[in-house]
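Asks: With the sequences and hints as input, model every part of the structure.
In order, the protein sequences belong to chains H and S. In terms of this note's numbering, the first sequence has 93 at position 93, counting the first letter as 1, and numbering is strictly consecutive. In terms of this note's numbering, the second sequence has 82 at position 82, counting the first letter as 1, and numbering is strictly consecutive.
Hints are computed from structural coordinates only; laboratory data are not their basis. From the three backbone atoms N, C-alpha and C, an ideal C-beta is built for every residue, glycine too. It is possible that part of the hints are untrue.
With the Cβ distance kept under 8 Å, some of the chain S side facing chain H (calculated, not the full set) [as the list claims (entries may be wrong)]:
id, residue
1, S9
2, S28
3, P40
4, L44
5, L46
6, K69
7, L101
8, T105
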Amino acid sequence: DGGITQSPKYLFRKEGQNVTLSCEQNLNHDAMYWYRQDPGQGLRLIYYSQIVNDFQKGDIAEGYSVSREKKESFPLTVTSAQKNPTAFYLCASSYLSPGQDEAFFGQGTRLTVV
Amino acid sequence: AQSVTQLDSQVPVFEEAPVELRCNYSSSVSVYLFWYVQYPNQGLQLLLKYLSGSTLVKGINGFEAEFNKSQTSFHLRKPSVHISDTAEYFCAVVGTGFQKLVFGTGTRLLVSP
Numbered sequence: 001d002g003g004i005t006q007s008p009k010y011l012f013r014k015e016g017q018n019v020t021l022s023c024e025q026n027l028n029h030d031a032m033y034w035y036r037q038d039p040g041q042g043l044r045l046i047y048y049s050q051i052v053n054d055f056q057k058g059d060i061a062e063g064y065s066v067s068r069e070k071k072e073s074f075p076l077t078v079t080s081a082q083k084n085p086t087a088f089y090l091c092a093s094s095y096l097s098p099g100q101d102e103a104f105f106g107q108g109t110r111l112t113v114v
Numbered sequence: 001a002q003s004v005t006q007l008d009s010q011v012p013v014f015e016e017a018p019v020e021l022r023c024n025y026s027s028s029v030s031v032y033l034f035w036y037v038q039y040p041n042q043g044l045q046l047l048l049k050y051l052s053g054s055t056l057v058k059g060i061n062g063f064e065a066e067f068n069k070s071q072t073s074f075h076l077r078k079p080s081v082h083i084s085d086t087a088e089y090f091c092a093v094v095g096t097g098f099q100k101l102v103f104g105t106g107t108r109l110l111v112s113p
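Replies: Right, dumping it as structure tokens:
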């Protein structure tokens with residue numbers, strides 16, 4: 001079955017550590033996205049990518065980094081520069097064709113700083 | 001740029017009652033509109049979308065939404081809710097031509113017996 005897989009489902013990070021969240025899709029989608037979700041704030045865009053080896057900052061990119069070396073993969077690294085990383089992280093993907101660009105979401109990764 | 005406003009952060013309703021979740025948007029270009037549902041600790045699932053044509057859009061689980069261009073609204077409705085509809089609902093908009101998908105802050109629907 002086609003879909004988006006995020007791993008791990010739960011992740012614990014110590015202060016000062018970098019951690020990487022995985023996102024893989026087999027839907028042949030061109031675009032991929034990372035969102036951060038905090039209670040009462042909806043979904044905020046961290047980074048997005050329309051094509052391999054290219055990506056753009058979203059609204060809250062500081063303290064995060066991404067790569068897009070393969071069409072299927074868009075890992076997110078939460079660096080030690082992110083001062084408040086505890087949140088629910090959602091990866092999504094979509095086609096770029098008009099009318100087919102609804103986003104499909106993974107099941108999320110809950111990151112907690114301990 | 002686009003923006004989305006969901007005025008109600010929480011909507012309590014009794015089972016089998018009708019419900020409307022409000023969504024207003026702003027955009028300087030034509031838009032596509034979406035409603036997503038999120039169950040606890042899960043990703044988002046598409047309920048319905050408006051691309052063009054009929055302004056009344058039917059989605060999964062008995063939900064429907066009506067696009068009103070003059071009022072820049074895309075309210076979600078269901079004539080009779082079930083306990084299982086308890087979830088968070090997000091309205092989203094994207095401008096035509098590739099642009100970022102922008103989400104509202106969500107509305108938590110609480111259905112009680």
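Asks: Hints first: check each against the structure and report whether it holds.
Replies: Going through the hints against the structure:
Proximity of S9/S to chain H holds as hinted, the smallest CB-CB distance being about 7 Å (cut-off 8 Å). About 17 Å separates the beta-carbon of S28/S from the nearest beta-carbon of chain H, more than 8 Å, and the hint is not met. At a threshold of 8 Å, the smallest CB-CB gap from P40/S to chain H is about 10 Å, leaving the interface hint violated. Checking L44/S against chain H by beta carbon gives a least distance of about 4 Å; that is within 8 Å, so the hint holds.
Taking 8 Å as the C-beta contact cut-off toward chain H, the hint placing L46/S at the interface holds, the least distance being around 6 Å. Interface hint status for K69/S: violated, as the beta-carbon distance to the closest one in chain H is roughly 17 Å, over 8 Å. The criterion of a C-beta within 8 Å of any C-beta in chain H is met by L101/S, whose closest approach is roughly 5 Å, and the hint holds. Because the beta carbon of T105/S sits about 4 Å from the nearest beta carbon in chain H, less than 8 Å, this interface hint is met.
The structure does not agree with the numbered hints 2, 3 and 6 stated previously, though it agrees with the rest.
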